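Protein sequences appear in the order of chains A, B and C. If you read the first sequence in this note's numbering, its first letter stands for residue 251, the second for the next number, and so on. If you read the second sequence in this note's numbering, its first letter stands for residue 6, the second for the next number, and so on. If you read the third sequence in this note's numbering, its first letter stands for residue 3, the second for the next number, and so on.
Rather than coming from a laboratory, the hints here were simulated on the basis of the structure. Hints may contain errors.
Covered stretches of chain B (in silico footprint by chain A; criterion: 3 or more residues with CB under 8 angstroms from a CB of chain A, positions within the stretch not fixed) [as the list claims (entries may be wrong)]:
1. 414-423
2. 426-437
Lysine-lysine pairs mimicking BS3-like chemistry, simulated, CA-CA at most 30 angstroms apart [what the hints assert, rightly or not]:
3. B/LYS492 x B/LYS463
4. A/LYS610 x B/LYS492
5. B/LYS152 x A/LYS345
Listed next, with one range per pair, are the computed distances between beta-carbon atoms [claimed, not checked]:
6. B/GLU50 x C/ARG29: 27 to 33 angstroms
7. A/ALA494 x B/ARG219: 42 to 48 angstroms
8. B/ALA315 x A/GLY510: 56 to 62 angstroms
9. C/SER40 x A/GLY510: 39 to 45 angstroms
10. C/ALA81 x A/ARG743: 46 to 52 angstroms
11. B/ALA40 x A/MET673: 50 to 56 angstroms
12. B/GLU322 x C/LEU27: 55 to 61 angstroms
13. C/ALA81 x B/ALA40: 24 to 30 angstroms
14. A/THR555 x C/ARG29: 45 to 51 angstroms
15. A/SER550 x B/ALA315: 54 to 60 angstroms
16. A/ALA494 x C/SER40: 34 to 40 angstroms
All figures in this text were calculated on a predicted structure; none of them were measured in a lab. Note that the Cβ used here is the ideal one computed from N, Cα and C, for glycine as well.
Given next are the chains, with one letter for each unit.
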Amino acid sequence: MTDLIRLTADEMADALAAKDISSLELTRAHLERIAAVDGGVHAFLHVDGEGALAAARTIDERRSAGEALPRLAGVPIGVKDVMATKGLPTTCGSKILQGWVPPYDATLVTRLRQSGLPILGKLNMDEFAMGSSTEHSAYGPTHNPWDLERIPGGSGGGSAACVGSYQAPLAIGTDTGGSIRQPAAVTGTVGTKPTYGGVSRFGLVALASSLDQAGPCTRTVLDAALLHEVIGGYDPMDSTSIDAPVPPVVEAARRADVSGMRIGIVRELTGEGFQAGVQKRFDEAVEHLVDAGAEVVEVSCPSFTYALAAYYLILPSEASSNLARFDAMRYGLRVWPSDDASAEQVMAATRAAGFGDEVKRRIILGTYALSSGYYDAYYGSAQKVRRLIYDDFASAFERADVLVSPTSPTTAFRFGEKMTDPMSMYLQDIATIPANLAGVPGMSVPSGLADEDGLPAGFQILAPATRDERLYAVGAALEQRLDAAWGGPLLDRAPTLASAFSGAMGSSYADARDGEGR
Amino acid sequence: MATTTTTEVTIPFVEALAAYEPVLGLEVHVELNTATKMFCGCATEFGAEPNSQVCPVCLGLPGALPVLNEKGVESAIRIGLALGCEIAPWCRFARKNYFYPDMPKNFQTSQYDEPISHDGHLDVELEDGSTYRVEIERAHMEEDTGKSLHIGGATGRIHGATHSLVDYNRAGIPLIEIVTKPMVGAGERAPEVARAYVAALRDIVKALGVSDARMDQGSMRCDVNVSLMPKGADRFGTRSETKNVNSLRSVERAVRYEIERHAAVLASGGSVVQETRHWHEDTGVTTSGRVKSDADDYRYFPEPDLVPIAPSAELVESLRATLPENPALRRRRLQSSWGYSDLEMRDVVNAGLVETIGETVAAGASPAGARKWWSGEVARRANAAGTDVVPYAASVGVTAAHVAELEGLISSGRLNDRMARDVWDGVLAGEGTPTQVADARGLRLVEDSGAIEGAVEKVIAANPDIATKVRDGKVQAAGALIGQVMKELKGQGDAAAVRALILARLTGAPSAE
Amino acid sequence: MPELTRADVAHLAGLARIAMTDDELDRMVGELGIILESVAKVQQAPIEGVEPMSHPLPLTNVNRPDAVHPSLSAAAALAGAPEVDQQRFSVPRILDEE
Ligand SMILES: [Zn+2]
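Extracted from the complex, chain A is given alone in its bound form (with noise of 0.2 angstroms):
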């Protein structure tokens, strides 16, 4: 393993701003990574070497020719398949995609291009982001950095594993019901979720629409906050983005200072149902911030029991809609069930064999939730519950100025363990749905190793909507104590993957291989 990779992104933009290396070194020095452990992480559904190199080689030139350009320009990046990127394949790790080419790019990828930053490919996931594993993913899952017989979260868990093992230094994920921050907690790496309509959802393929927002996965809170400032602001081709400036998040991320800040322990975000382990670890960081300056307040949010059934009636109502496209007809794979079937016969043959049954289930369940004589039941119940938490938020943030928990409530289980019951697997997101259902900005930075397992655990920071930037002084300051008391990152206690796979894998990056077929 070389050092440039484990660098932090905002290392390599010092070190490219002042020419100690290129993009093109950099870049090629993650491709060589990449080639070298993501036979054992599976991160990568597609790898676009060719396409970072020549981006890589532009960012250089330009640089050479003196131009001033942007503080990440040539630091390269994974991308969530999740995401439309023009001329690269984008699967959303669903059968019912493979082969497509989006002719257009997300919002998101078209300003992660042209602030310079080179896309390695596109990272695995659950499929169309149902799940909190990637095993749900149609090409396999990805393995997490930290022991490959272990879950790396989901559905970003491609994104979380590609930053905790240095395959790139920034990674973009999204967040329905913590698919970032879940990921990034049971990785040892920070994630995002930024304010609902604070990065735009244009090309981001929806699961439900009024949860979905994309975000930075990192290994730093400050690259976090780099990389947020380019992908945030207003968008006019989502209706639902917010038209004012990105909050302050880098100068926050900078100054890590939480002196008088008052911080919300969630009454029903912590104890009963949380790993020891995790829960002492949560414990000794909120300790950290109070040796940091800041206050403690134990808040009540009653509506937060109710989240978990809400979401999983919201998100599957949204994603049924939202996944009605996939038809065969305009796009993706198309099954013929007989020679002379007609269209409704392939798009059901289609959708049966194109689907995984995670999707099959929420799509199910959320055609249920609003037909008609259960909608007011089912639907509409679960929208008044939406209210409640909403409130339930309003309120504590009256007496705190951000709130914290741990970001799930376990380490990162083995393959399989979650597999043949849904609900225990839906409950791995119980800390990190009220913040989608209200829209409010979080984040998870590592909290440690959990004594039982020596994985790593996650502590949750929340804000108000728009006030993301207070996540980035909180997460910096307990970053910034923690890594000081670790005497290092968190990761550098993470297995050196390389050794491992450098023998069995080829060290070229040609050889990184597309998602299919695996």
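Model the placement of chains B and C with the ligand on the given structure of chain A, informed by the hints.
Chains B and C with the ligand only, in chain A's frame:
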């Protein structure tokens, strides 16, 4: 689901109406003439190459998001206001979920329980001069679907086709769906009311300038709901929904046919099936379509990709200020100011000449003259060319100013009526303005009074018998003398002046001059 | 809440256009039953008189001007299509509705 081609039993209209009261409901889709689609910036030009006006949004590509066309909302509000509707201070779009290949997202972005306008009415005038008030339930916004070509079937119809080819250019074009409340009490006039309502609606959206409202091109489409209830009953019967009835004449015929068909079913003790039906223009009948079932569960829910619409009172009032006069009221006002009879006005309206005559009168012509010139020769020629007067006039370059000029030449005494017709022929033939044509053809009334007097003397001398009759009081006999004088003057005399001179000469009545 | 039956699931699968084998239907009835029991908890929340919330953002009136933007080329629009004919998306025969 085989096609039923056998003609169903009907009973004569009069008999049907003797036993049953028809209840109508009309759903009219009006395609707005915005430059772009409802939720994306794609152009909406009619007749473009297939799939050349599509983008990720209107193709329903994964990840694409809608953004509402501001002009679409304004047009919707203006239509609502013109129909006397209340404009909702807050409303939303909803998704109507069902699968169909011409619908890119497999849901239609529409409005469900929160339409932008509701509870209005439209008074329609019937042939007998009476008025029927149609209550409007709602007028809401939605998007159009793509268009399918059915291949392999014998007739190009969906039935028997092996596959279909879809063009999504139309997908996403803004539609306003205007839904009436049940229309009761029209009785035997129900077919006429239906037609008059659709015609009135067409006039309104055209006057608003929000739609071309071309039924032949599909920019205005009508679904006709018909049910019957026994006379004196207070519960509506089961209705049929006849889809895509696409001309005014068809609306009237389809309503009439469905009344006759329902009546036959009910009279034989059967019950009407709640279903959609297809109208066949050629045979004038409807055939059975899809039976309504619980599969029609559209699972409406608020569209999460769009935010609510909350038109401010200021916006609504500013749009109200742009409303044109109601076409029916305006027609009544114009008729009285032009002094036309009901019959004359109806001819003018049917020929689509209201605007043209208004312009012509404004340009200085008399209303009677304007009507005469436009609905005479021009209309005859337009008819022969198989087109309407207005497009015909435009195609040959005839304008309101030409008519006014021609009228001026007559009233100034330069041309008589016959000469004016010659001039008009020249104008229609593209020879120039009326003055230019008159000059080129040397047409001008004889103004030399000596020449006229000479001609009068000559004709009286040559016709002593007739002259005697006139002298004896048979004034109508002067007509023969006038004709001969005009002949002497080679048609370029002023007939009125000639008549006056003859009478003065023979009876001593004072001459006009 | 009435129990979800196998026929219900078959009906829902039809609405959602997903072909399902008998085995799948059986499995789905069981799984959905458990999930539904759990999500039905929303009905126990103190939601009486609460205004439903469909969206976390308090935005209204987000519009765009009626100005034409370039469309995709027909070639780009059709590039992902399973089948193309006469510059149109070729789709299987549409079920006869007449
Ligand atoms: Zn478009």
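Range agreement (Cβ of A/MET673 with Cβ of B/ALA40, hint 50 to 56 angstroms): Holds, since B/ALA40 and A/MET673 (Cβ atoms, about 51 angstroms apart) stay within the stated range.
A/LYS610 paired with B/LYS492 [C-alpha distance capped at 30 angstroms]: Violated, because 95 angstroms separates the two Cα atoms, which is more than 30 angstroms.
Has the hinted range 24 to 30 angstroms been met by the Cβ atoms of C/ALA81 and B/ALA40? With a Cβ separation near 27 angstroms, C/ALA81 and B/ALA40 satisfy 24 to 30 angstroms, so the hint holds.
Is the hinted range of 46 to 52 angstroms satisfied by the C-beta distance from C/ALA81 to A/ARG743? Cβ of C/ALA81 to Cβ of A/ARG743: about 47 angstroms, so the range 46 to 52 angstroms holds.
Holds or violated: B/LYS492 to B/LYS463, with C-alpha atoms at most 30 angstroms apart: holds, 12 angstroms
Starting from the hint 54 to 60 angstroms, judge whether the C-beta atoms of A/SER550 and B/ALA315 obey it. Taking Cβ atoms as reference, A/SER550 and B/ALA315 lie about 34 angstroms apart, which means the hint is violated.
Taking the beta carbons of A/ALA494 and B/ARG219, is their distance inside 42 to 48 angstroms? holds, 44 angstroms
I want to verify a distance hint. Is the separation of the beta carbons of B/GLU322 and C/LEU27 within 55 to 61 angstroms? Hint holds: Cβ distance 57 angstroms, inside 55 to 61 angstroms.
CB-CB spacing for C/SER40 and A/ALA494 relative to the 34 to 40 angstroms hint: holds, 38 angstroms
Just to make sure I understand the rule, a stretch counts as covered if three or more of its residues have a C-beta closer than 8 angstroms to a C-beta of the chain. Does the segment 426-437 of chain B meet that for chain A? violated (count 0)
Can the restraint linking B/LYS152 and A/LYS345 be considered satisfied, given a maximum Cα separation of 30 angstroms? holds, 28 angstroms
Outcome for the supplied range 39 to 45 angstroms, where the beta carbon pair is C/SER40 and A/GLY510: Given about 41 angstroms between the Cβ atoms, the range holds.
Hints 1, 2, 4, 6, 8, 14 and 15 from the list above are not met by this structure, while the remaining hints are.
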